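Visitor: Start from the sequences, fold in the hints, and give me the full structure.
Protein chains: 2
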Amino acid sequence: MQIKTSKIYFDEQLYLESGRILEGYTLAYESYGELNSDKSNAIVVFHALTGSHHAAGKYEGDSKAGWWDPLIGDGKVLDTTKYFVICVNVLGSCFGSSGPLSETKKGRPPLRLKFPVITISDMVSAQMSVFKSLGIKKAYAVIGGSLGGMQALCVGVEYPQFTDRVIMLASTHATSPWAISFNKLAMEGIVKDKRFQDGNYKKEDFEEIPLNGFAIGRMAGHISFLSPSSMQKKFGRNYVETDGLYELFGRFQVERYMEYNGYNFAKRFDPLSYIYIIKAMNIFDASRNWDSLSDSLKNIEAKMTLISFRGDMLFMPSEMETIRDALRDLGRGERVEYYCVDSSYGHDAFLIEYDKFDFYIKKALEN
Amino acid sequence: MQIKTSKIYFDEQLYLESGRILEGYTLAYESYGELNSDKSNAIVVFHALTGSHHAAGKYEGDSKAGWWDPLIGDGKVLDTTKYFVICVNVLGSCFGSSGPLSETKKGRPPLRLKFPVITISDMVSAQMSVFKSLGIKKAYAVIGGSLGGMQALCVGVEYPQFTDRVIMLASTHATSPWAISFNKLAMEGIVKDKRFQDGNYKKEDFEEIPLNGFAIGRMAGHISFLSPSSMQKKFGRNYVETDGLYELFGRFQVERYMEYNGYNFAKRFDPLSYIYIIKAMNIFDASRNWDSLSDSLKNIEAKMTLISFRGDMLFMPSEMETIRDALRDLGRGERVEYYCVDSSYGHDAFLIEYDKFDFYIKKALEN
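Quick note, the sequences are listed as chains W and G, same order.
Residue numbers for the first sequence follow our numbering, so the first one is 1 and each next one is one higher.
Residue numbers for the second sequence follow our numbering, so the first one is 1 and each next one is one higher.
Simulated from the structure, these hints should not be mistaken for laboratory data.
The structure displayed is predicted, hence computed values, not measured ones.
Below, computed lysine to aspartate or glutamate pairings styled on EDC-like, alpha-carbon distance capped at 16 Å: (1) Lys303/W to Glu337/W; (2) Lys192/W to Glu259/G; (3) Lys192/G to Glu259/W; (4) Lys138/G to Glu158/G; (5) Lys363/W to Glu337/W; (6) Lys82/W to Asp38/W.
Guide: Put into structure tokens, the structure is as follows:
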């Protein structure tokens with residue numbers, strides 16, 4: 001499988017839901033496999049909050065593969081000998097696509113906190129420009145987990161002709177106050193940290209000493225990605241060695257895990273991008289521009305495959321069941337498949353327990 | 001009902017679990033009702049993490065009553081015409097009892113981060129001095145929720161002769177890594193905030209401008225005190241008016257709730273006390289000094305009443321069920337009553353939905 005990494009600068013305006021306009025924008029994306037002659041074999045993969053377009057394969061010299069590598073590749077479920085798999089870095093992110101820290105027009109300084117608020121619809125509408133530029137009028141399928149699932153649902157509702165197959169994992173029809181409250185810890189942690197300087201920090205400043213408030217906010221995220229039972233299994237009440245202030249208090253293994261992941265993440269992800277993307281997540285509500293959820297979902301033409309995970313503490317199975325039920329009430333019962341995977345990994349399961357759900361994806365693609 | 005607020009300075013050493021010794025210590029407590037002549041009618045109430053000895057009644061001029069007022073008073077479930085109800089502020093707290101910011105011996109400066117680590121056992125052992133000083137050799141019952149429930153369980157295991165009735169609500173036999181991870185956000189938020197100054201802050205500094213990291217940590221606590229369904233009911237996806245940075249992003253009602261509670265709390269509670277008490281909570285494991293949980297619980301002589309709440313996201317019902325099951329396996333099935341209350345209020349239910357569990361307490365006391 002070849003990895004093709006690309007970047008397109010669109011010298012055109014992007015109209016955003018907020019009413020604001022982006023004057024030109026860049027999108028970074030990655031693709032695997034070959035687009036066939038009638039351009040009908042594209043599978044669009046949407047990444048989650050902190051993911052990137054690097055969904056599969058290894059770059060030269062890398063030990064770690066892309067975030068959904070077990071699913072994408074020659075002979076895998078998203079079979080790159082058959083499909084052209086493409087993943088675009090979302091607008092607002094910090095891996096090459098336009099965001100608060102990137103130039104909008106050549107030579108113009110980053111907008112930082114003057115960057116407009118981005119929604120899931122905006123992310124999707126920007127990506128449509130990429131697909132259009134590649135001549136893809138219709139994708140074979142769109143698929144995504146978590147924030148990626150929101151984008152998949154958005155395609156189903158707003159671009160009903162774009163695909164016949166929408167696959168959502170570990171996601172929701174509307175971000176709950178519970179999920180918003182976890183994001184709040186990150187939002188508050190970042191903006192109240194003096195070193196954030198109202199967004200006017202130097203990026204390099206955080207490579208050595210990350211923003212504490214960001215690290216703490218990310219730790220909060222990690223709680224929501226796990227679950228009581230996965231933590232019990234993974235860490236129990238084990239102690240680990242420690243020093244510094246924690247010498248006095250002792251340190252639990254789960255605390256070390258949170259520190260390690262929180263601070264490392266805060267070194268490599270941009271805090272401005274983080275608050276823009278969690279804001280997009282918070283705003284997401286498939287019924288927002290419609291009279292009701294049902295009114296929104298009735299636009300969907302595609303076959304929907306919904307995969308939730310029993311222990312998911314961020315987006316509960318009941319939220320996906322709401323989508324299924326709404327579709328059933330619309331008489332679309334035969335066009336929706338719902339699976340609740342019995343996993344103890346919590347929200348993270350869609351990035352871990354592939355063997356518990358990959359056949360559902362396979363089935364959705366074979367249909 | 002009369003409220004009697006007292007404070008005792010014990011001019012004696014307190015041996016702590018850590019091996020360290022407190023040279024003299026003060027405990028603040030409150031009592032309601034009259035101790036009878038044979039001193040057999042005392043009910044000990046243990047408060048939770050941020051509670052105080054002010055469990056019931058209103059002080060002159062106050063609009064708000066003590067934290068368990070609906071349960072404590074003349075004719076109430078903890079009937080102060082019958083019982084002498086007493087609540088002691090835990091060691092380490094900041095409402096009058098000895099803690100990191102108080103003098104240990106007259107004239108000595110506060111120990112701050114040199115204050116020794118406190119455990120639930122230490123809190124209970126200190127309180128025993130108060131009961132002893134009042135001539136209470138045996139309490140009619142002990143009762144507490146959350147951290148208070150840990151103290152109640154600790155009495156059952158370590159002072160089996162002290163009472164015939166132990167009542168635990170919304171608590172656990174051992175703090176789970178899930179709960180520890182929520183506490184971690186507070187711990188990290190506080191100690192990494194520059195204004196904390198390694199514990200050498202001036203208390204007054206936070207009365208106007210609270211410690212951000214503490215407020216954020218407390219917000220994390222509030223997530224664990226609520227639940228997805230209680231948040232959905234209480235806040236939904238409602239927006240509220242806002243200004244400042246949040247004008248750009250909009251603000252959800254749940255965010256305002258968290259801010260309001262987080263920052264207000266950080267003005268009135270001491271961050272050093274907070275980290276010492278959450279540490280005591282983290283350390284708590286009823287089996288810690290025993291071969292097993294069973295080995296620990298077999299010390300219990302009292303009748304146990306365990307009340308959990310279905311939506312509790314901090315201490316899950318399954319954790320209380322573990323206690324029940326261990327007691328049953330020990331052949332003590334007839335001396336344990338377990339109730340799981342169907343509440344959507346989450347962990348906070350034990351401070352809210354009195355009418356759903358007060359009769360269980362009544363029953364436990366009538367036995």
